[in-house]
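Protein chains in written order, with the numbering used here: chain A, 1 to 418; chain B, 1 to 63.
Quick caveat, the hints were computed from the structure, so don't treat them as lab data. Even for Gly, the Cβ is constructed at its ideal location relative to N, Cα and C. Treat the hints with caution; some may be incorrect.
[Stated by the list, open to error] Residues of chain A clear of chain B, computed beta-carbon distances all greater than 10 Å:
1. 103
2. 126
3. 152
4. 153
5. 212
6. 215
7. 236
8. 284
[Said to hold, decoys possible] Computed from the model, here is a short list of chain A residues facing chain B with C-beta under 10 Å:
9. 130
10. 185
11. 350
[Stated by the list, open to error] Cβ pair distances, simulated, as ranges:
12. 45/B - 339/A: 24 to 34 Å
13. 25/B - 136/A: 25 to 35 Å
14. 62/B - 416/A: 48 to 58 Å
15. 49/B - 346/A: 18 to 28 Å
16. 45/B - 201/A: 52 to 62 Å
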Amino acid sequence: MAVQMSPLTEKPAHIGDQLVYDFDLFADPGILTAPHDRMLEIVAETPPVFWTPRNGGFWVMRGHAALFDAARDTETFSNDFVTPELAERVFAALPPDIGHIPSAVPINMDPPMHRVYRMPIQGVFSPKHINTLKDSIRDLAAQLIDEIEGQGECEFMNAVAEPLPVIVFLRMLGLPVERLAEYRELVRAHLADAGGGDPVASIVKAQHIVESMTPTILERKDNPQDDILSMLWGIEIDGQPVTLQDIQNYGLLLFIAGLDTVMNGIGHGVRFLAAHQDVQAELRANPEKISDATEELLRRFTFTVPVRRCTRDVEFYGAHIKANERVMMLLPAADLDPQEFKNPEKFDMAREERVHIAFNAGPHRCLGSHLARVELNILYEELLKRLPAFSIPEDKPPVFHGGHVLGVDTLHLKWSVS
Amino acid sequence: MKLCIDKADCVGNARCAAVAPELFPLDDDGYIAVSEIDVPPGSEELARRGAKACPERIIVIEE
Numbered sequence: 001m002a003v004q005m006s007p008l009t010e011k012p013a014h015i016g017d018q019l020v021y022d023f024d025l026f027a028d029p030g031i032l033t034a035p036h037d038r039m040l041e042i043v044a045e046t047p048p049v050f051w052t053p054r055n056g057g058f059w060v061m062r063g064h065a066a067l068f069d070a071a072r073d074t075e076t077f078s079n080d081f082v083t084p085e086l087a088e089r090v091f092a093a094l095p096p097d098i099g100h101i102p103s104a105v106p107i108n109m110d111p112p113m114h115r116v117y118r119m120p121i122q123g124v125f126s127p128k129h130i131n132t133l134k135d136s137i138r139d140l141a142a143q144l145i146d147e148i149e150g151q152g153e154c155e156f157m158n159a160v161a162e163p164l165p166v167i168v169f170l171r172m173l174g175l176p177v178e179r180l181a182e183y184r185e186l187v188r189a190h191l192a193d194a195g196g197g198d199p200v201a202s203i204v205k206a207q208h209i210v211e212s213m214t215p216t217i218l219e220r221k222d223n224p225q226d227d228i229l230s231m232l233w234g235i236e237i238d239g240q241p242v243t244l245q246d247i248q249n250y251g252l253l254l255f256i257a258g259l260d261t262v263m264n265g266i267g268h269g270v271r272f273l274a275a276h277q278d279v280q281a282e283l284r285a286n287p288e289k290i291s292d293a294t295e296e297l298l299r300r301f302t303f304t305v306p307v308r309r310c311t312r313d314v315e316f317y318g319a320h321i322k323a324n325e326r327v328m329m330l331l332p333a334a335d336l337d338p339q340e341f342k343n344p345e346k347f348d349m350a351r352e353e354r355v356h357i358a359f360n361a362g363p364h365r366c367l368g369s370h371l372a373r374v375e376l377n378i379l380y381e382e383l384l385k386r387l388p389a390f391s392i393p394e395d396k397p398p399v400f401h402g403g404h405v406l407g408v409d410t411l412h413l414k415w416s417v418s
Numbered sequence: 001m002k003l004c005i006d007k008a009d010c011v012g013n014a015r016c017a018a019v020a021p022e023l024f025p026l027d028d029d030g031y032i033a034v035s036e037i038d039v040p041p042g043s044e045e046l047a048r049r050g051a052k053a054c055p056e057r058i059i060v061i062e063e
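Given the sequences, and given the hints that come with them, work out the whole structure.
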């Protein structure tokens, strides 16, 4: 896949040369071949907060302490990422008949409104509720792995890493599982131009996602089932009954977040296991260590990069950030910061240091983190139980992509069939 | 041993309860349900690990 680096933007005058570092979050060559090696390189070569001229120019926060503080300072680092300049440009370009513009609620909100919209969907993603799904997730994982076991090889993203979390999520939401391929394509198209492409095209793509869900949403109003879309019709927001647009907004967020995250976490974790026979052997012999392995894999291969808008001029960890400048939270680098983790490149299940921020910190802590942990843990358990030692064929190295999710495109595996 | 928890800053990671569910009660939404915990004798090590597991660092140990 040929990916072009974006053109260089001129550096604003208030940014010192020592804070500039050339890094293309979407098309950096290192990201496409070994994303977390590139993260280690960035950690070694950059200050905790730096500025890159790629993708229109933005700040990149990579220090663990800086990110922890920024995630909890929602007044300075806002999730309402649309700058006044961008809003003006988009509104000028919008066709008059654009219709409802969906908005990924509540990830794009700040406290206190964020809490108002988050609380109604908190319970269904709580540990208590997620634990009731474990058996069905395990059955599905077992079924997907058993289907490939006799083949001796597979492209793992397509065979297991994608269908497992996506089917689990479609079932939770209440969307028809047979439309999986179509839904994934909508998410792929949506995320592909999150790098600062045509904002009107992005709105239209978000509308396509909402349109794909709307018939099911409407159907659930009259005929509720045991799923999230039905549950949403029963909630109140700030004392008001929920509207169709509210549910479409929630749906957009859950759709994007649910269909493109865990699959990549699985991809990074299984890629590592395939490259480390000693770790596979240790976990097969001691399956009780797999939950520690799940946590350490999340730390070692943290993969999401949320965005914030700075709301005021601020001195922050050596950088002078101005109001309305964009900030990327490079969480994958934060969890490889030697200031926080001794020998961060080392995979160490017995690590005693502070915990990772793979699910970010502060009020925007990943809503789906409990589901993600359960899925990852079960997948590793079933994979190590059902497949013999697996490895990566030398002629088919894994392929990755960049962006707000450092993801795995393809991961070929092979193993011996008895 | 006693634990003091800045309950208002809990964001629902539930890592404390993953270490020791009987020590760290959660509400139905997955947030910590209490702001103080009297640690029963013998559970000090679990309490320490549970406190350390909090990504928000809001569980403080008072010996």
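Verification of the hints:
{"no.": "1", "hint": "103", "result": "22 Å, holds"}
{"no.": "2", "hint": "126", "result": "3 Å, violated"}
{"no.": "3", "hint": "152", "result": "36 Å, holds"}
{"no.": "4", "hint": "153", "result": "36 Å, holds"}
{"no.": "5", "hint": "212", "result": "29 Å, holds"}
{"no.": "6", "hint": "215", "result": "30 Å, holds"}
{"no.": "7", "hint": "236", "result": "15 Å, holds"}
{"no.": "8", "hint": "284", "result": "23 Å, holds"}
{"no.": "9", "hint": "130", "result": "9 Å, holds"}
{"no.": "10", "hint": "185", "result": "32 Å, violated"}
{"no.": "11", "hint": "350", "result": "13 Å, violated"}
{"no.": "12", "hint": "45/B - 339/A: 24 to 34 Å", "result": "27 Å, holds"}
{"no.": "13", "hint": "25/B - 136/A: 25 to 35 Å", "result": "26 Å, holds"}
{"no.": "14", "hint": "62/B - 416/A: 48 to 58 Å", "result": "56 Å, holds"}
{"no.": "15", "hint": "49/B - 346/A: 18 to 28 Å", "result": "21 Å, holds"}
{"no.": "16", "hint": "45/B - 201/A: 52 to 62 Å", "result": "55 Å, holds"}
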